[in-house]
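Chemist: Heads up: the sequence lines are chains A, B, C and D, in that order. Take 1 as the starting number for the first sequence in this note's numbering and just add one per residue. Take 1001 as the starting number for the second sequence in this note's numbering and just add one per residue. Take 2001 as the starting number for the third sequence in this note's numbering and just add one per residue. Take 3001 as the starting number for the fourth sequence in this note's numbering and just add one per residue.
Simulated from the structure, these hints should not be mistaken for lab results. Cβ atoms here follow ideal geometry from the backbone N, Cα and C, with glycine treated the same way. Among the hints, a few may not be true.
Here are a few chain A residues that face chain D, going by a calculated C-beta distance under 10 Å [claimed, not checked]: (1) 23; (2) 169; (3) 250; (4) 253; (5) 276; (6) 279; (7) 280; (8) 330.
Quick look at which bits of chain B chain C covers, simulated, 3 or more residues with Cβ under 8 Å [what the hints assert, rightly or not]: (9) 1017 to 1029; (10) 1053 to 1065; (11) 1241 to 1248; (12) 1278 to 1287; (13) 1306 to 1320.
Here chain A is said to cover these stretches of chain D; the calculated rule only asks that three of the stretch's residues, wherever they fall, bring their Cβ under 8 Å from a Cβ of chain A [said to hold, decoys possible]: (14) 3065 to 3071; (15) 3120 to 3130; (16) 3246 to 3252.
4 protein chains.
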Amino acid sequence: MSDLLGVAVLGAGHMGADHVRRIGGTVGGARVVAVADPDSERAEAAVAGRAGVSVHREAQDALRAPGVEAVLVASPEAAHEEALLAACARGLPILCEKPLTPDSASALRVVGAEARLGRRLIQVGFMRRYDAEYAALKALLDSRDLGRPLLLHCRHRNVSSPAHFTSSMLISSSVSHEIDATRWLLGQEITAVTVMRPAPSAGAPEGLLDPQLVLFETSGGAVVDVEIFVNSGFGYEVRCEAVCERGSAQIGDAHTMVVRTPGRAYEDVAQDYLVRFADAYDREVRAWVAAARRGRATGPSAWDGYAAAAVAEAGVAALRTGARVCVEMAERPALYG
Amino acid sequence: MSDLLGVAVLGAGHMGADHVRRIGGTVGGARVVAVADPDSERAEAAVAGRAGVSVHREAQDALRAPGVEAVLVASPEAAHEEALLAACARGLPILCEKPLTPDSASALRVVGAEARLGRRLIQVGFMRRYDAEYAALKALLDSRDLGRPLLLHCRHRNVSSPAHFTSSMLISSSVSHEIDATRWLLGQEITAVTVMRPAPSAGAPEGLLDPQLVLFETSGGAVVDVEIFVNSGFGYEVRCEAVCERGSAQIGDAHTMVVRTPGRAYEDVAQDYLVRFADAYDREVRAWVAAARRGRATGPSAWDGYAAAAVAEAGVAALRTGARVCVEMAERPALYG
Amino acid sequence: MSDLLGVAVLGAGHMGADHVRRIGGTVGGARVVAVADPDSERAEAAVAGRAGVSVHREAQDALRAPGVEAVLVASPEAAHEEALLAACARGLPILCEKPLTPDSASALRVVGAEARLGRRLIQVGFMRRYDAEYAALKALLDSRDLGRPLLLHCRHRNVSSPAHFTSSMLISSSVSHEIDATRWLLGQEITAVTVMRPAPSAGAPEGLLDPQLVLFETSGGAVVDVEIFVNSGFGYEVRCEAVCERGSAQIGDAHTMVVRTPGRAYEDVAQDYLVRFADAYDREVRAWVAAARRGRATGPSAWDGYAAAAVAEAGVAALRTGARVCVEMAERPALYG
Amino acid sequence: MSDLLGVAVLGAGHMGADHVRRIGGTVGGARVVAVADPDSERAEAAVAGRAGVSVHREAQDALRAPGVEAVLVASPEAAHEEALLAACARGLPILCEKPLTPDSASALRVVGAEARLGRRLIQVGFMRRYDAEYAALKALLDSRDLGRPLLLHCRHRNVSSPAHFTSSMLISSSVSHEIDATRWLLGQEITAVTVMRPAPSAGAPEGLLDPQLVLFETSGGAVVDVEIFVNSGFGYEVRCEAVCERGSAQIGDAHTMVVRTPGRAYEDVAQDYLVRFADAYDREVRAWVAAARRGRATGPSAWDGYAAAAVAEAGVAALRTGARVCVEMAERPALYG
């Protein structure tokens, strides 16, 4: 293989363009050789005149472009299944932005295709696993120094939500990060979901149930509460406190420059997830490039993508009914054992 | 009236002895003139040879002792109702440690007696209202600078629980502070309670459901989650974050001396509520003395004591059944309007 | 002796009036029986119609008033020496606001008078010794857990200075607290002083050398830097970091309620020393009352008052000359051994 | 020019090997084509079997290797001058680890050579300018929102010093970072240096004057104090507080995961500068690669390297003599205007 991994990037929107910039910028060992987007102008803008990158309208064409050795899927979620199956068929390592696919049924089809292949090619973009603070928390919990985890208290706040956001998307799109983080940090499955709905904030668009308090029960008996508030107005904040039998550990209050002005000492609050998690995205893509150059996939698997979808569907049902909803999951293929 | 308010202290246990020490120590304007406790030795120890204090076995005798102008009730909760009714009958201002009485029915009888008197004599010992941080949070919420409160996240942790503690007491004895704090901070009633039960900590006594996650819904549409963990092992911690429409405010992370040692920067964690809330107890008793010298009662009322009991009973039912339980409350007398 | 220590308060200005309010308010065990101030209206205002308090124009008259068992000196520093000598002559325990007297020569005369008496009657108002954070730092340093202290970094900031403040007073009036704190925390004498003078802040009155960086060398080889900035504009802040052989400890960054608003997380900064050190003042007066009721004096001694004056004089000389100035001290009487 | 900038790395020690790893790892847009080190084994180990990298004993040979378009100088400081002059002669952009050269005289020769060329080729490795917190502080100071800077309080602590470290090297090697940071943050020259010497820590090697308190005066009237403590034992810490006319700003207290254990809440303290400043090193090399691909140099200049040497020499004299030493500097060539 060549010196640098040749990557096709599918989708040139916000995330896709950021990944194009990242590969060759903060991430070495790879270069973008093809970009696909139905909007050619957007694709050209992402490439920005870089030499040796072909631009395509169709994802399938990008997959077949010369020099493509791996695929980064950043297209709309409706297009994921087809792209994943095609890339799997060509044996290409894949980094797929979350969600894996729009629902658990389609996710399960992707899992099945990869399981039939008999080796992992897919890494799902749950990038919190690559955040330094989350990694420190995971290491501490795994060490059992604080005993068994009993509770996780999670906060997930955005400044404001995009125009198309629905009440269900607070769970399926935003809380999906906490779903994966819960499963990963605890090494347990989520077995039931309840959603409590405060009177919506006046700062949220009419009709949007924002904020919500989402409650998980896990296979190991832990309870998790997640505040999701996508129109908090004040900042992008992701915090997590793990309460264990002999202590607790808290991340996400990271602070930097403290300014003292008359009567107040303040710190800036991050406004955007690309700022808060910039390093995590870099580390995620670096880990993927390193594995892909050996023809492998590591990190969050297609099964993790499926599990997140199954829990999110239970969550959306809990939101709609106001009741506690149990999570039903398929049998886990041996590949993900 | 004399220069110093003459106080009878009923009960010479942990709290009672602490109040005896407080009056004449950190609190001026009052002096203890009588102490009652069935255990005479304990009462004598609390008085510690102070001149001019009479010691009694019976609360009724202490109330009739010369110089008694006000009553501080720190006896076991089973004895509260009788003491409160007797003190009311004598027109004496009362500071009654929480809970007002053991259940909502008896609390309602006390409320009725005071309401018939037509003036407030009873202040209930919800001393968090006198904590500087809680007071700052209350002032901020009342200012509406951050908009309407949507969520309260509360943490309430003890190092370990006394031997007689039951799973219900996590709610009725410990969370009762958060019940009052919620009602006071939000100026709303609690309308429903749900309790989630993680697998108990190995650090808790066999059979004790510890920790619990208690969820309140309020009349104004706010949702409140309370972690109660009475065998946390690591410290006494009371934290509260109010999430509002345009910002959030968090108390209880107060830190003081930061020590840097090889590889670690640390701060001490308070181990006892008498340390964390020492100033609040002082301020509470000072406020009570000031009002009592004018023959009045301010602060948390008997009605607040009743309301806390009613919510706690719903909470205990929710704990037992696993279901969401609505709170039923009597009609509020005009005196507490 | 009576139940409550009878106190004469000399001076009814800001500090004097605060102490009158404190005794009988947050401090039990004592009551004010006499107040002296040349400005009778001010004295009457401080007393606020309290029964049984005589008001005087002359300090000497207050000392002779019936019921006076102890003296709190809060008059202008020029009046201290005469009041101290008179109170000593009457054998009255004294709490004297700092500075002990206006200069080291007069301070030494007071020391001599007390030394001839052969017992301590005077406590000087270096109230930081009673601050909980300073006390924790002192205990940690004394434990030698972190090894020998090598450096102290001190910050002392006021919002703005009173109209009459001079460049010398930054040292003699403000840094005098750090002089005592250094001697007390380290248990060492200050042997030399150097003062560095940044270009003055535009926020300081014309001609005032503000801020200054004051440097101490101590008998045990430690070096201390003190930022004194009395027109900082932003708050009242007192911080201290002790750097030791095996770690460091830092106080004065205490934080309480954290508020998150768009783009910023902030905390309030105290604006006034009576807020920051309110508890320390209470504890100081409580300790003094407790000792005075036994006819004794504890805490900072007249000798400490003298030493502070001697160091401050060296500091003022260092400020004036720009040179390093050695501190000359008299021999310490056995009483203060 | 080729797609990736071809870099020769001179020196394969700790820093050199780290840069080899960085280029092609966290930094894209460049690749290492040649490495030089007298110790061939060390050079080979740094390259780690990477294809297309030539290994040399002599720096001159590496500069002439095919594909070399830029030079990263990480050899011992005694070898810098020759390498810099040779690279300049070949017109190659250079990133030179600090110090530029071992003394101000040799630094001035390098400055002269670059000035005669008439364009900047040299960037000096003062990587703090690329740290996110320092950059935020610089932006805030430049905005003048807080007014003019009056004081900088700097702390610079290492766990322990290498065996060859001398008392002078605390200034010339360690404080050189604060020298550059002071000049850059304030946009002012350092005009005088004083060094205070506490009794050395028992944790420092026999004879090493550690810690020291280094004091700078600047051309704009600011005063800077720097604690340098290279055997602090507890961690690697770099902190800076800028005190301005209308507020202060403090960096370097960044915290991440807070763990609560019995009686203590703690955070880890970084032990190594490659951890604390990992991102700054990445950003530094990225900025250099970006400029070098356009044939330019940005960031800290050879003149900055010279100025740091001149101030450090004054500092070493101040340490030796105990006196205040003025800084003498050559005239600044127009190229660095």
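Chemist: Could you run down the list of hints and mark each one as holding or not?
Modeler: Evaluated hints:
1. For the restraint placing residue 23/A at the interface with chain D, the shortest Cβ-Cβ distance is roughly 7 Å, inside the 10 Å limit, so the hint holds.
2. Of the supplied interface hints, the one on residue 169/A is violated, with its beta-carbon coming no nearer than about 30 Å to a beta-carbon of chain D, more than 10 Å.
3. Given the 10 Å rule on beta carbons, the hint for residue 250/A holds: about 5 Å separates it from the nearest Cβ of chain D.
4. Because the beta carbon of residue 253/A sits about 7 Å from the nearest beta carbon in chain D, less than 10 Å, this interface hint is met.
5. Below 10 Å, beta-carbon pairs count as interface contacts, and residue 276/A has none with chain D, the closest being about 12 Å; its hint is therefore violated.
6. Nearest Cβ of chain D to the Cβ of residue 279/A: about 7 Å, under the 10 Å cut. The hint holds.
7. Interface hint at residue 280/A: violated, since its Cβ lies 13 Å from the closest Cβ of chain D, which is beyond the 10 Å cut-off.
8. For residue 330/A, the suggested interface contact is broken, since its CB lies about 35 Å from the closest CB of chain D, more than 10 Å.
9. Only residues whose C-beta sits within less than 8 Å of a C-beta in chain C count toward coverage, and the region 1017 to 1029 of chain B has 7 of them, enough to reach three; the restraint holds.
10. A stretch counts as covered by a chain when three or more of its residues have a beta carbon under 8 Å from one of that chain; for the region 1053 to 1065 of chain B and chain C the count is 0, and the coverage is violated.
11. Only when three residues or more bring their CB closer than 8 Å to a CB of chain C does the claim for the region 1241 to 1248 of chain B stand; here the count is 3, and the claim holds.
12. As drawn, the region 1278 to 1287 of chain B meets chain C at 3 residues by the rule of a beta-carbon pair under 8 Å; at three or more, the given contact holds.
13. With a threshold of 8 Å between beta carbons, the proposed coverage of the region 1306 to 1320 of chain B by chain C is violated, since 0 of its residues qualify and at least three are required.
14. For the region 3065 to 3071 of chain D, the assignment as covered by chain A is violated, since 0 residues bring a beta-carbon within under 8 Å of that chain's beta-carbons and 3 are needed.
15. Taking a C-beta to C-beta cut-off of 8 Å, the region 3120 to 3130 of chain D contributes 0 residues in contact with chain A, too few for the three needed, and the coverage statement is violated.
16. Three residues within the 8 Å Cβ limit are the bar, and the region 3246 to 3252 of chain D against chain A gives 6, so the coverage statement holds.
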